[in-house]
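We have chain A already, so just place chain B on it with the hints.
Protein chains: 2
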Amino acid sequence: MRNLKVMMAYRGTKYHGFQRQENALTVQEVVEKHVSSVLNEKVIINGCSRTDTGVHANNYCFSVLTESKIPPRNFIRGVNGRLPEDISILECEDAPLDFHARFSCKAKEYIYMIHNSESKNPFTTDLAYHYRRPLDIELIRLAAKNFVGTHDFRAFCSGCDEKKSTTRTIFKFDVEINGESVKMLVKGDGFLYNMIRIMVGTLLAVNEKKISVNDIGSIISSGDRQLAGKTAQPHGLYLNKIFY
Amino acid sequence: MRNLKVMMAYRGTKYHGFQRQENALTVQEVVEKHVSSVLNEKVIINGCSRTDTGVHANNYCFSVLTESKIPPRNFIRGVNGRLPEDISILECEDAPLDFHARFSCKAKEYIYMIHNSESKNPFTTDLAYHYRRPLDIELIRLAAKNFVGTHDFRAFCSGCDEKKSTTRTIFKFDVEINGESVKMLVKGDGFLYNMIRIMVGTLLAVNEKKISVNDIGSIISSGDRQLAGKTAQPHGLYLNKIFY
Numbered sequence: 598m599r600n601l602k603v604m605m606a607y608r609g610t611k612y613h614g615f616q617r618q619e620n621a622l623t624v625q626e627v628v629e630k631h632v633s634s635v636l637n638e639k640v641i642i643n644g645c646s647r648t649d650t651g652v653h654a655n656n657y658c659f660s661v662l663t664e665s666k667i668p669p670r671n672f673i674r675g676v677n678g679r680l681p682e683d684i685s686i687l688e689c690e691d692a693p694l695d696f697h698a699r700f701s702c703k704a705k706e707y708i709y710m711i712h713n714s715e716s717k718n719p720f721t722t723d724l725a726y727h728y729r730r731p732l733d734i735e736l737i738r739l740a741a742k743n744f745v746g747t748h749d750f751r752a753f754c755s756g757c758d759e760k761k762s763t764t765r766t767i768f769k770f771d772v773e774i775n776g777e778s779v780k781m782l783v784k785g786d787g788f789l790y791n792m793i794r795i796m797v798g799t800l801l802a803v804n805e806k807k808i809s810v811n812d813i814g815s816i817i818s819s820g821d822r823q824l825a826g827k828t829a830q831p832h833g834l835y836l837n838k839i840f841y
Numbered sequence: 598m599r600n601l602k603v604m605m606a607y608r609g610t611k612y613h614g615f616q617r618q619e620n621a622l623t624v625q626e627v628v629e630k631h632v633s634s635v636l637n638e639k640v641i642i643n644g645c646s647r648t649d650t651g652v653h654a655n656n657y658c659f660s661v662l663t664e665s666k667i668p669p670r671n672f673i674r675g676v677n678g679r680l681p682e683d684i685s686i687l688e689c690e691d692a693p694l695d696f697h698a699r700f701s702c703k704a705k706e707y708i709y710m711i712h713n714s715e716s717k718n719p720f721t722t723d724l725a726y727h728y729r730r731p732l733d734i735e736l737i738r739l740a741a742k743n744f745v746g747t748h749d750f751r752a753f754c755s756g757c758d759e760k761k762s763t764t765r766t767i768f769k770f771d772v773e774i775n776g777e778s779v780k781m782l783v784k785g786d787g788f789l790y791n792m793i794r795i796m797v798g799t800l801l802a803v804n805e806k807k808i809s810v811n812d813i814g815s816i817i818s819s820g821d822r823q824l825a826g827k828t829a830q831p832h833g834l835y836l837n838k839i840f841y
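In the order they appear, the protein sequences are chains A and B.
For the first sequence, my numbering assigns the number 598 to the initial residue and increments by one for each residue that follows.
For the second sequence, my numbering assigns the number 598 to the initial residue and increments by one for each residue that follows.
You may find that some hints are simply not true.
In this list, chains with the same sequence are indistinguishable; a pair is considered to hold if it fits within one copy or across any two.
[Stated by the list, open to error] Straight-line distance between alpha carbons at most 25 angstroms, and here's what the computed SDA-like set of lysine to any residue pairs gives: (1) Lys760 / Arg738; (2) Lys666 / Ser716; (3) Lys630 / Thr722; (4) Lys780 / Asp723; (5) Lys807 / Ser660; (6) Lys761 / Glu735; (7) Lys806 / Ser762.
The hints are simulated quantities; they were obtained by calculation from the structure and are not laboratory data.
With the rest of the complex left out, here is chain A (with noise of 0.2 angstroms):
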């Protein structure tokens, strides 16, 4: 028995998700049925993300148990030659047989892209969320800083489960402009659903006087969903890397 390790990048539009649903069209039933192919054996793919419909990854890990010799080389090719253009494989090695792509991770990094000019990008339709307004930087910076450090981040959750612990902990949140490309770059331990979208959202919201900077140490504490901003849309977020 083998463990491999494998990372696979994705544009996210045309899934709802990563993890496999009915009914539905998802990166991991995809990306099995080829992986399966290859390895000549009907295998599960351990994912290290559930992933929203139209969220992106750069660098997206997933793990699966195989008796396959096939050297990771042969995996990546095999493989990329299967998969549809909006996935690719980038790495493969041996892990050991403990490793778990989602059980295993110790942090994660998101990146949330934003187009913000009056007029609309063609090339990045689906993947920078499109702003008109100016965007005040320098505040979104300062009230981006609130999100630093350990919190319980219940009011930046949408339906969190009650008795599960909702505190976590944000090791960097950076705001990097490139002429009309505006990056926000999350680091965490980890993050509960819609977290990074909600917390995008609420700097928008403090962008647009919604609400106020010194407001956003309240919302925290408050653990009141509806107190903190709008969900951002998800072609905006990507999955950027993940720290094992």
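Below, chain B without anything else, positioned relative to chain A:
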């Protein structure tokens, strides 16, 4: 009578180039329809350049004569509200009546994007040419220098008219690398049909040792299309800037 100078960007993937054709969808046809609707009169738009099927534009200029008194800002909003998501109006201003997007043009700058990696990039499928072999950037830069200057580029033209001049001046041909992304930036006073794509194909042939870097000068002077490299695929090419 007014003459509007309009800048736009488009993703060329779905279009058979800019110029109107029978039985094929073109950028001109789509833009003309919505511009006519906003100007409330049937107009013809004058594009700065034909572009091939699948070629993109970061900054494409067209001019249009109109009797409409619409303010440029309203023109942009009105047309953008009607256009599909792969075409975007960026700017609009009043220009002298003798301005013509094509005939007034002094120089053009094109970009050719290459994704250089064994694995494909799911985000640039139709936006960069996927080239798997290692690229010797220094060799390509050295080869590209041969194109700079005033030359008869007949060897770098598909189906050129025997009677027309094929002499053009290339002001610069830069090759930039950023991780797996390679950008070739070419500025010239004008370009023959397929000229940039043939130059790029020739540079890739140099990379593959099918053409020697020392032979480029003699290929240029031969005027023989057969001696130059293949025509590189269209989807890596962008009209990037236009100079008046």
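### Query
Against which earlier hints does the structure fall short, listed by number upward?
1, 5, 6 and 7
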